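Undergrad: Just so you know, the sequences run in chain order Z and B.
All residue numbers for the first sequence refer to the numbering used here, where the first residue is 6 and numbers rise by one.
All residue numbers for the second sequence refer to the numbering used here, where the first residue is 47 and numbers rise by one.
Hints are computed from structural coordinates only; laboratory data are not their basis.
As the structure is a prediction and not an experimental result, all values here were calculated from the model.
Glycine residues also receive a C-beta, built at the ideal position from the N, C-alpha and C atoms.
Possibly wrong hints are sitting among the right ones.
Unchecked claim - Estimated spans, in silico, between C-beta atoms of each pair:
#1 B/Ala80 with Z/Asn297: 15 to 25 Å
#2 Z/Leu337 with B/Gly302: 56 to 66 Å
#3 Z/Leu56 with B/Leu273: 45 to 55 Å
#4 B/Met206 with Z/Asn314: 16 to 26 Å
#5 B/Asn212 with Z/Pro182: 44 to 54 Å
#6 Z/Gln339 with B/Leu247: 42 to 52 Å
#7 B/Phe124 with Z/Ser25: 57 to 67 Å
#8 B/Phe343 with Z/Thr204: 42 to 52 Å
#9 Z/Leu104 with B/Leu273: 17 to 27 Å
#10 B/Ile257 with Z/Phe75: 32 to 42 Å
Said to hold, decoys possible - Below, in silico cross-link-like pairs of lysine to any residue (SDA-like), each with a Cα-Cα straight-line distance of 25 Å or less:
#11 Z/Lys180 with B/Arg268
#12 Z/Lys149 with B/Phe343
#13 Z/Lys149 with Z/Lys58
#14 Z/Lys237 with B/Phe124
#15 Z/Lys58 with B/Gln249
#16 Z/Lys58 with B/Asn83
#17 Z/Lys58 with B/Arg268
#18 Z/Lys58 with B/Ser114
#19 Z/Lys149 with B/Ala85
#20 Z/Lys180 with B/Ser114
#21 Z/Lys152 with B/Thr264
#22 Z/Lys58 with B/Ile102
#23 Z/Lys237 with B/Leu200
#24 Z/Lys152 with B/Ile257
#25 Z/Lys152 with B/Arg268
#26 Z/Lys237 with Z/His199
#27 Z/Lys58 with B/Phe174
#28 Z/Lys180 with B/Ile102
#29 Z/Lys237 with B/Phe174
#30 Z/Lys237 with Z/Phe211
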Amino acid sequence: MTPLTVTLPMLDVDWETLVSVNLPTLLFVIVGVPLALVGYIVGLDVLVRRLPKRSQPSVRPWVWVAPAIFFVGLILVYPMVGTVVRSFFDRRGDAFVGLGNFVRLLTDHGVLIVLRNNLLWLLLYPGLVLLFGLLLAVLSDRVKFEKPVKSLIFMPMAISFVAMAIIWQFVYYYKDPSEPQTGILNAVVVNIFHGLPITWIQDTRFNNFALIFIGVWGATGFAMVILSAALKGIPAELLEAARVDGANERTIFRRIILPLMMPTIVVVGTTMVIFALKAFDVVYVMTAGNYNTDILARRMYAELYSAGNYANASALAVILLLAVVPVLIFNLRQFRAVEARR
Amino acid sequence: MSVATAAPPATPPARSKAARTRWSQRLSANVSSAGLNVAVLALTLAWIVPTLGLLINSFRPGGAFNTSGWWTALAPPFNFTLDSYRAVLGASDLAPSFFNSFMITIPATIIPTAVAAFAAYAFSWMRFWGRDWIFLALVGLLAVPLQVTFIPLLTLAVHMGLTSGNNFFGLNAGFLAVWIAHTGYGLPFAIYLLANFFRVLPQDLFESAEIDGAGPVTVFFRLVLPLSVPAIASLVIFQFLWVWNDLLVALIYVGGTPEVAPLTVTLTNLVGGLGQHIEYLTAAAFVSMVVPLIVFFALQRYFVRGILAGSVKG
């Protein structure tokens with residue numbers, strides 16, 4: 006075996022400065038930031054107490070929310086407005102081009118493939134996550150070893166998409182038909198179905214589905230946990246009464262369990278729709294957008310970094326934002342409905 | 047259910063109808079519960095096989111993954127080694143990245159949690175002009191894709207010198223940029239989660255504290271915080287895992303230089319950069335998974351509670 010140093014750039018990191026400079030800073034931040042915030046609150050409260058009694062209640066809340074509003078304003082609101090404005094200007098950012106960027110992008114063949122792929126993600130990812138999540142929640146509810154099962158299926162939630170992508174790179178591994186297949190999926194294809202091995206990542210007939218399934222594998226545990234909690238929230242007497250009345254399990258599921266779980270299913274579904282629109286890591290790691298697998302978020306990153314085209318990048322970000330808006334409005338409606346019931 | 051109807055032809059005719067039904071019901075229950083168990087086990091197995099395969103491959107000698115499937119390693123002679131782990135930890139940028147991941151994740155967890163706790167308290171127990179609208183805006187921001195923030199923020203970071211490589215009182219400024227970015231990105235969810243929890247605390251508590259002359263600062267530190275440890279724990283786990291596992295924000299604000307790159311970024315670079323040695327990816331992936339898996343299995347209960355509080359109520 007060739008030594009690894011040949012294949013990998015030997016680390017040129019100076020450990021000593023890394024630790025001697027960064028570690029003290031880390032400790033300083035861990036202790037300093039909470040202390041500074043406590044000092045801020047306590048200090049300003051002393052000042053607020055000096056105000057006339059009547060105006061205290063209207064001033065004090067702002068002291069408490071100000072740091073949050075500052076960070077949200079700086080990191081989310083200001084740049085959001087900036088990007089929307091930027092998307093109407095040319096590449097250098099000094100000539101107003103109206104909808105020019107959008108027109109150019111939406112007539113670009115590559116971008117159209119991106120949009121098609123995002124649509125695939127949008128349809129398949131939430132659908133499959135809900136299907137598997139619901140199936141696992143309902144089935145595992147009836148077995149004795151529910152806890153370990155849920156724990157294992159939930160596990161991918163804890164790891165990064167990068168790690169997930171690597172895990173699946175070995176599942177989808179392709180070897181020439183003359184050699185034994187070492188990826189489990191192609192081993193099944195060859196040895197059980199007696200077919201030819203498939204290049205799951207490159208073959209444009211399968212690769213988008215292969216990538217989407219990695220995401221599904223990762224998020225099913227999330228859906229299962231939430232749906233399972235909702236399932237356990239259904240009163241047992243209700244199901245018992247239905248059984249006494251002679252309803253079979255399928256009817257009970259369709260007529261009682263499913264309708265009662267519907268609000269939760271909707272919540273999980275909308276979360277998954279947002280995830281699907283924002284998907285980035287899996288495609289970035291697995292194919293870097295090649296082989297017709299590119300999606301909006303990755304294309305936007307490429308426009309930003311590889312091409313340095315801020316006009317295209319802003320316009321793509323705005324398209325992403327527009328795609329989220331219906332979900333956003335729906336979320337807000339749900340939220341207000343829940344608030345109204347409180 | 048249909049399996050059971052065909053089952054009892056051998057029943058002795060002498061038995062009463064009631065006994066027969068009970069017997070067939072029990073059989074049907076057993077058959078369907080066996081089927082159920084098998085189905086659940088099969089699904090679980092299918093779910094863990096990908097990870098299991100990677101784990102086994104990571105302990106196989108170099109190149110073995112390429113000549114035979116990992117499942118063949120499960121039969122004797124057992125031939126496992128730590129070579130891949132030694133290789134990636136010794137000679138790649140993985141070890142410093144491990145450190146960098148902590149360097150990024152710990153402050154990016156502490157700062158938003160602290161900021162969110164103060165804000166959530168105000169949103170749930172104080173009255174002020176526009177409170178409900180601001181909170182509604184925060185809920186809306188939960189869905190906004192981070193991509194819409196990158197260009198203006200990057201421009202700002204470059205303008206202020208907050209990019210990796212620059213010094214900020216000895217600290218690599220890239221860290222500072224990514225802490226601030228993660229604070230902003232994490233806040234809407236953090237405030238939402240904590241406010242949901244704070245506002246269901248019993249009102250009498252606050253009233254009696256007020257009668258005793260305790261101001262909002264005392265109430266917050268003496269009552270609200272101690273009572274909210276579970277909610278804060280789930281938020282901390284959530285934010286920790288999200289920052290630790292994040293690739294996109296790290297790529298944007300700290301980039302890929304070994305001095306600042308966290309595990310996710312280095313791992314991504316390895317995917318393309320290993321050439322024929324991609325077996326080392328197996329070990330590298332597990333190195334990146336160690337910390338989240340420990341956090342996850344040790345604190346799963348809080349994590350689940352956080353997920354439920356964050357989504358079911360909304």
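Undergrad: Please go over all the hints and tell whether each is borne out by the structure.
TA: Consistency of the hints with the structure:
Separated by about 45 Å at the C-beta atoms, B/Ala80 and Z/Asn297 break the suggested range of 15 to 25 Å. In this structure, Z/Leu337 and B/Gly302 break the distance hint of 56 to 66 Å, their C-beta atoms being roughly 38 Å apart. For the pair Z/Leu56 and B/Leu273, the supplied restraint of 45 to 55 Å is violated, since their beta-carbon distance comes to about 29 Å. For B/Met206 paired with Z/Asn314, a C-beta distance near 23 Å keeps the hint of 16 to 26 Å intact.
For B/Asn212 and Z/Pro182, the hinted distance range of 44 to 54 Å is satisfied, since their beta carbons lie about 53 Å from each other. Separated by about 24 Å at the C-beta atoms, Z/Gln339 and B/Leu247 break the suggested range of 42 to 52 Å. Remark: the range hint 57 to 67 Å for B/Phe124 to Z/Ser25 is contradicted by a beta-carbon distance near 43 Å. Distance hint for B/Phe343 and Z/Thr204: a CB-CB separation of about 35 Å, inconsistent with the stated range 42 to 52 Å.
For Z/Leu104 paired with B/Leu273, a C-beta distance near 53 Å fails the hint of 17 to 27 Å. Between B/Ile257 and Z/Phe75 the Cβ separation comes to about 34 Å, which falls inside the hinted range of 32 to 42 Å. In summary, the hint linking Z/Lys180 to B/Arg268 is not supported, as the alpha carbons are separated by about 63 Å, beyond the 25 Å threshold. Distance hint between Z/Lys149 and B/Phe343 is fulfilled; the C-alpha atoms sit about 20 Å from each other, no more than 25 Å.
Of the pairs offered as hints, the one joining Z/Lys149 and Z/Lys58 is violated, with about 61 Å between alpha carbons and a cut-off of 25 Å exceeded. The suggested pairing of Z/Lys237 with B/Phe124 is violated, with an alpha-carbon distance near 44 Å, which exceeds 25 Å. The suggested pairing of Z/Lys58 with B/Gln249 holds, with an alpha-carbon distance near 23 Å, which does not exceed 25 Å. With a CA separation close to 66 Å, the supplied pair Z/Lys58 and B/Asn83 exceeds the 25 Å bound.
For the proposed pair Z/Lys58 and B/Arg268, the alpha carbon gap of about 23 Å is at most 25 Å, so the pair holds. Between the alpha carbons of Z/Lys58 and B/Ser114 the distance comes to roughly 78 Å, so the proposed pair goes past 25 Å and is violated. In summary, the hint linking Z/Lys149 to B/Ala85 is supported, as the alpha carbons are separated by about 13 Å, within the 25 Å threshold. A hinted pair counts as satisfied when its Cα atoms are at most 25 Å apart, and Z/Lys180 with B/Ser114 qualifies at roughly 10 Å.
Simply put, Z/Lys152 and B/Thr264 have alpha-carbon atoms about 40 Å apart, too far for the 25 Å limit, and the pair is violated. A C-alpha spacing of about 68 Å is found between Z/Lys58 and B/Ile102, which places the hinted pair above 25 Å, so the restraint is violated. In summary, the hint linking Z/Lys237 to B/Leu200 is not supported, as the alpha carbons are separated by about 46 Å, beyond the 25 Å threshold. A hinted pair counts as satisfied when its Cα atoms are at most 25 Å apart, and Z/Lys152 with B/Ile257 does not qualify at roughly 46 Å.
A hinted pair counts as satisfied when its Cα atoms are at most 25 Å apart, and Z/Lys152 with B/Arg268 does not qualify at roughly 36 Å. Distance hint between Z/Lys237 and Z/His199 is unfulfilled; the C-alpha atoms sit about 44 Å from each other, more than 25 Å. Taking the CA atoms of Z/Lys58 and B/Phe174, the gap is about 16 Å. The hint holds against a cut of 25 Å. Simply put, Z/Lys180 and B/Ile102 have alpha-carbon atoms about 19 Å apart, close enough for the 25 Å limit, and the pair holds.
Restraint check for Z/Lys237 and B/Phe174: not satisfied, since their Cα atoms lie roughly 38 Å apart, outside the 25 Å limit. Our distance criterion of 25 Å between C-alpha atoms is broken by Z/Lys237 and Z/Phe211, whose separation comes to about 37 Å.
In this structure, the hints that do not hold are numbers 1, 2, 3, 6, 7, 8, 9, 11, 13, 14, 16, 18, 21, 22, 23, 24, 25, 26, 29 and 30, in rising order.
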